[in-house]
Amino acid sequence: MVGTAVDEPTQMQSSATVIPPRLEVAEDRRGAGEDFAALPTEISVRKLDFFYGKEQALFGNHIEIKKNRVTAVIGPSGCGKSTHIRAYNRIFNLYRDQKAKGEILFDGANVLSSQIDLLDLRRRIGMIFQKPSPFPMTVFDNVAYGLRQHYRLSRSDLSNRIEDALKRSAIWDEVKDKLHQPGNALSGGQQQRLCIARAIAAEPDVLLMDEPCSAIDPVATAKIEELILTLKSKYTIVLVTHNMQQAARVSDYTAFFFQGRIVEFGPTTKIFSNPAEKQTEEYITGRFG
Amino acid sequence: MNSHRRQAIERGAAGAPLCAVADVRYAPPRRRSVARRKATDLVIKGFSWIGASFGIAVMGFIVWEVVVRGAGALDWAFFTQPTPQDVTSSAGGFANAIVGTIVITGVAALIAIPMGFLGGVYLAEFGRNGRIATGVRMIANVVMGVPSIIVGVFAFAIIVKPLQHYSGFAGSVALAFIMLPVMARTTEDILNLVPNELRESGLAMGAPRWKVTLGVICKAARGGLITGASLAIVRVAGETAPLLFTVLSSPYWMTGLFGPGGFFGGPVANLTKTIYDFSGSPYPQWQELAWGGALVIIIAVLGMNILVRLLFQRGKQW
Ligand SMILES: Nc1ncnc2c1ncn2[C@@H]1O[C@H](COP(=O)(O)OP(=O)(O)OP(=O)(O)O)[C@@H](O)[C@H]1O
Ligand SMILES: [Mg+2]
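Chains H and A are the protein sequences, given in the same order.
Number 245 in our numbering belongs to position 245 of the first sequence; there are no gaps in the numbering.
Number 265 in our numbering belongs to position 265 of the second sequence; there are no gaps in the numbering.
There's no promise every hint is true.
Stated by the list, open to error - Taking lysine-lysine and the DSS-like style, the derived pairs with C-alpha atoms no more than 27 Å apart in a straight line are:
{"no.": "1", "chain 1": "H", "residue 1": "Lys176", "chain 2": "A", "residue 2": "Lys45"}
{"no.": "2", "chain 1": "A", "residue 1": "Lys38", "chain 2": "H", "residue 2": "Lys131"}
{"no.": "3", "chain 1": "H", "residue 1": "Lys99", "chain 2": "H", "residue 2": "Lys167"}
{"no.": "4", "chain 1": "A", "residue 1": "Lys211", "chain 2": "H", "residue 2": "Lys99"}
{"no.": "5", "chain 1": "H", "residue 1": "Lys131", "chain 2": "A", "residue 2": "Lys219"}
Hint data in this document are derived by calculation from the structure and do not stem from the laboratory.
Just so we're clear, the structure is a prediction, and the values are computed from it rather than from any experiment.
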């Protein structure tokens with residue numbers, strides 16, 4: 001009465017064979033062999049609690065984000081991934097009823113303290129959102145936005161930097177003739193790379209990416225993944241993703257979130273081949289979420 | 001059994017049914033009558049048609065009547081000559097009244113649009129659901145519903161009475177008072193349509209809130225904002241009641257700013273009040289001028305409406 005599956009109950013698979021081949025972690029992922037503790041830390045989060053009004057969404061999050069590494073944040077929908085990284089640049093301050101408690105140490109200071117200079121914090125910690133959101137201005141002005149906000153630049157310096165940012169975002173060839181056309185006249189994937197260019201033009205130290213590929217097609221996704229791999233030599237990247245293969249392909253370390261808690265955090269190779277927690281294993285093998 | 005069931009569910013990904021449900025077939029429920037649904041549809045459609053046609057017919061009748069009676073008055077003199085001084089002279093137009101209305105409405109717009117815009121920005125971006133914003137919003141809604149003649153009396157009390165004379169400026173203040181809440185609420189509604197992602201993206205670049213608001217949010221909404229402002233102007237351009245207690249009217253040209261004939265100094269000729277006076281006069285040529293004035297207002301208001309909508313059809317999307 002429960003269906004055919006009852007007739008032949010399967011054995012619990014052993015953890016060694018848990019990973020389907022497509023989740024194989026690329027060879028050059030460094031998270032595996034290196035000494036985690038010896039790596040320089042960019043952001044260290046301690047006892048981070050987060051509240052939407054009275055509702056608590058994060059519980060005692062604890063994580064070290066390493067410099068020049070890609071840290072993937074995975075977990076089922078609603079587990080608090082976005083909430084977690086939105087605390088790093090205090091973007092949640094836009095909403096009155098949202099509060100964070102605990103410590104997010106970045107460059108020796110607690111990001112959550114009231115003394116922090118928010119504008120400078122956000123220059124140093126850039127963010128890419130799920131939905132590409134170019135400003136209602138030209139491609140050029142989009143990329144110039146952060147530069148003009150934070151630096152005094154000569155005309156030529158400005159356009160050099162804009163060209164450079166667009167090149168590093170792998171979109172220069174597509175927009176070099178459209179610099180003075182509106183940014184939202186580009187395709188979705190181009191818009192997203194434009195937003196990346198806009199973020200990196202301001203010379204941040206950290207890039208937070210909240211599901212940057214979920215609104216774009218596979219080709220554009222591949223471009224952005226490639227981009228992430230080149231960007232990590234210069235930036236520290238935190239990548240929220242629903243796409244397990246993506247996490248496996250581009251990240252060095254992976255944090256698995258579940259119901260507002262960080263259940264497991266470690267080298268991506270380890271998380272995907274030999275997770276310590278049962279919940280992690282169930283999630284990455286597609287049993288829930 | 002329970003564990004078997006769980007394994008069955010777990011196997012879902014491997015091809016077995018994801019959720020094992022007991023295999024029960026319900027009898028198909030009785031369908032709703034199609035004929036009845038169609039009949040209801042027809043009745044509702046019919047009523048909407050009747051309602052819409054009635055409204056349009058009345059509008060059409062008014063416009064038609066005004067065109068038929070007023071078109072004859074619209075000659076060169078109408079747009080170049082001031083209102084006739086006395087019944088015996090056949091010369092005369094509405095030029096002074098047209099200029100007066102443009103100036104009075106323009107000054108009202110200069111006062112109300114920037115203030116209303118800033119108020120709307122406050123409501124949408126900063127006050128939001130705070131206590132002050134809620135109060136301001138409520139007051140704006142109430143003021144929008146106040147009959148315009150009351151606004152005229154109000155302007156009379158705060159400007160005409162203390163200064164002891166009527167003036168074009170007093171009329172502008174009355175009109176501005178009507179425009180202000182309209183502009184503020186329109187601005188708020190339009191800014192609320194801008195998605196929050198855009199605000200977050202702006203702030204995430206390290207720009208201060210005011211810069212994001214003006215440079216990104218208002219820019220994204222500029223089409224809608226301009227439409228809103230224009231419609232606020234159109235809304236008051238045809239007002240008469242607020243001018244009755246504030247501007248009166250004058251058969252002369254406005255003479256500069258101050259002094260008895262000036263904008264701040266005394267009554268100023270304007271279209272609506274002049275139409276009001278002339279249409280009530282016993283002289284046929286004056287009545288015809290009044291029809292001409294009415295036609296000019298209708299054309300101007302209609303024209304601005306259409307122009308604004310054509311120019312900014314895309315105003316509400318980004
Ligand atoms: N604006 C909000 N107000 C109240 N609760 C919220 C708000 N945003 C998120 N939450 C709650 O906080 C929890 C975490 O949400 P969050 O958006 O961080 O999840 P997520 O892991 O990013 O999910 P997804 O993968 O769907 O993006 C959820 O339970 C959600 O209901
Ligand atoms: Mg999210």
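Restraint check for A:Lys211 with H:Lys99, where alpha carbons must lie at most 27 Å apart: Holds, because 24 Å separates the two Cα atoms, which is no more than 27 Å.
Given pair status - A:Lys219, H:Lys131, alpha carbons within 27 Å: holds, 19 Å
27 Å Cα cutoff - pair A:Lys38, H:Lys131: violated, 42 Å
Agreement of H:Lys176 and A:Lys45 with the hint, judged by alpha carbon distance not exceeding 27 Å: With Cα atoms ~53 Å apart, H:Lys176 and A:Lys45 exceed 27 Å; violated.
H:Lys99 paired with H:Lys167 [C-alpha distance capped at 27 Å]: Violated, at roughly 38 Å.
In summary, the structure is inconsistent with hints 1, 2 and 3 from the numbered list given earlier, while agreeing with the others.
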